Amino acid sequence: MRIRKTAALAVPVAALSMLAPAQADASTSAPATSARTCYYNVVHIRVHGHLNVRSGPGLRYRVVARLPYNARHVPGDCRTHRADHRTWVHLTHPMGWADGHYLRAVR
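Each residue of the sequence shown is one higher than the one before, counting from 0 in numbering that gives the first Met the number 0.
Keep in mind the hints are simulated off the structure, nothing from the lab. There's no promise every hint is true.
Unchecked claim - Quick list of the computed label-pair ranges, beta carbon to beta carbon:
id, residue 1, residue 2, range
1, Gly55, Ala34, 17 to 23 Å
2, Asn69, Thr36, 19 to 25 Å
3, Arg78, Val46, 27 to 33 Å
4, Val46, His80, 27 to 33 Å
Please read these numbers as outputs of a predicted model, since none were measured by experiment. Beta carbons are placed, not taken as given, at the ideal position from N, Cα and C, and that holds for glycine.
Start from the sequences, fold in the hints, and give me the full structure.
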């Protein structure tokens, strides 16, 4: 009888030992998402004008959205890129790049 009890207990322990590494791998392989968010106000645009948001950081990229002259608290991910003698700011809503001269960071 002792052999049967030991064997019966050994199977569940062995099964758990095989699951533990897989669970550890799944938890460690997930990337940490602690992306910063910056907010911007549109500035230096004439009344009733708009700021173009482009698909990439530069004038050669197509316009994907437009922000009104009075847009406030526009979210971005705090990334910038220098191109065409300008600093471009990456926005998240709408998604794209805008000329940083026309954006002022707010807290």
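Earlier hints that do not hold, by number: Violated hints: none; all satisfied.
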